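Can you make the complete structure from the sequences, with help from the hints?
Number of protein chains: 2
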Amino acid sequence: MDKFFEKTLSSKEVYKGRIFEVLNDEVELSDGLIRPREVVVHPGGVVIVAQKDSCVLLVKQYRYPVHSAQYELPAGKLEKNEEPFGAAKRELLEETGYLAKNWESLGFIYTSPGICTEKLYLYKADGLYYEGPKPDEGEIIDCFEFELDQILKMVKNGEINDSKTICGLMRAFKL
Amino acid sequence: MDKFFEKTLSSKEVYKGRIFEVLNDEVELSDGLIRPREVVVHPGGVVIVAQKDSCVLLVKQYRYPVHSAQYELPAGKLEKNEEPFGAAKRELLEETGYLAKNWESLGFIYTSPGICTEKLYLYKADGLYYEGPKPDEGEIIDCFEFELDQILKMVKNGEINDSKTICGLMRAFKL
Chain A
0 MDKFFEKTLS SKEVYKGRIF EVLNDEVELS DGLIRPREVV VHPGGVVIVA QKDSCVLLVK
60 QYRYPVHSAQ YELPAGKLEK NEEPFGAAKR ELLEETGYLA KNWESLGFIY TSPGICTEKL
120 YLYKADGLYY EGPKPDEGEI IDCFEFELDQ ILKMVKNGEI NDSKTICGLM RAFKL
Chain B
0 MDKFFEKTLS SKEVYKGRIF EVLNDEVELS DGLIRPREVV VHPGGVVIVA QKDSCVLLVK
60 QYRYPVHSAQ YELPAGKLEK NEEPFGAAKR ELLEETGYLA KNWESLGFIY TSPGICTEKL
120 YLYKADGLYY EGPKPDEGEI IDCFEFELDQ ILKMVKNGEI NDSKTICGLM RAFKL
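Keeping their order, the protein sequence lines are chains A and B.
The first sequence begins at 0 in numbering that gives the first Met the number 0 and counts up by one.
The second sequence begins at 0 in numbering that gives the first Met the number 0 and counts up by one.
Keep in mind the hints are simulated off the structure, nothing from the lab.
In this text the structure is predicted, and so the values were computed from the model without any measurement.
Glycine residues also receive a C-beta, built at the ideal position from the N, C-alpha and C atoms.
Accuracy of the hints is not assured; some may be wrong.
[To be verified] A partial selection of chain A residues facing chain B, derived with a Cβ cut-off under 7 Å:
id, residue
1, PRO64
2, VAL65
3, ASN101
4, THR110
5, CYS115
6, GLU130
7, PRO132
8, PRO134
9, GLY157
10, ILE165
11, CYS166
12, LEU174
Right under this line is the structure:
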């Protein structure tokens, strides 16, 4: 058995919500120890680094779990049976009002792999043209164009603290 | 009322586990709409960018929620009433066997602010001296020294996909 492997012995859904579920599993480690594992099962999502000339689009919205408004790259959850690339086009339009001619995959990240399945697919988009935003009802969100230099300052000085946003920038601009 | 604000109308704990809890809250948006909010309440944690000459320490461990082994910066959860800086020193020693003479705060990140309270405090450490690792029982973890150049390649080519690790590197090396 691979040293880095945990075998599922049992799995029990203990919470089922609108966005995620919680599992209480029992696993066997490679050294034979039995351990409990708590897992948040998340549908995954997409993050878009949309470049417009020397600027990148950021959105601002209130994030209730952290009780503050955050500047973030446009992003959103996968809908049921939705492909990541389709979700990326949908979320960019909904949150910013832009369509994009050119798309590039930047791989994926895990936001919190110790407790959560959340996998976010990262994309870079350019060749933007404006169609008009289509926010979800109950989504209060503003879109901004920031110079990339300014955004990198905001990452350094702590005005941007959202992990997917920092990861997207690092992958997009090969920092 | 600030446009970017959600007022808690009610809050109910619907799951209480070993590591996190789940709340089902009801909030009022700034436009008066009432919305449900699902929140994973996490204790928060620390992430350490430990530099040894031209190398950075990474650990490898199996992450059950994403069913794969990940290369990550040393990191761990805050214990009850633990200060982040104390936790950073504890986790670096436990996971790598190193103590460090010099520490610098790199601010914090939110790993998944749309659903989870998880706040991770980032630190840079150097002036390392070896004491011997103290892994938690049931923690199967290996420590590696990688050249920074090699690590940045691993971020670009998708061998490193852990968000806190990418964020820690970006803040530590002002990329």
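- Query: Looking at the structure, which of the earlier hints fail to hold?
  - Reply: 3, 6, 7, 8
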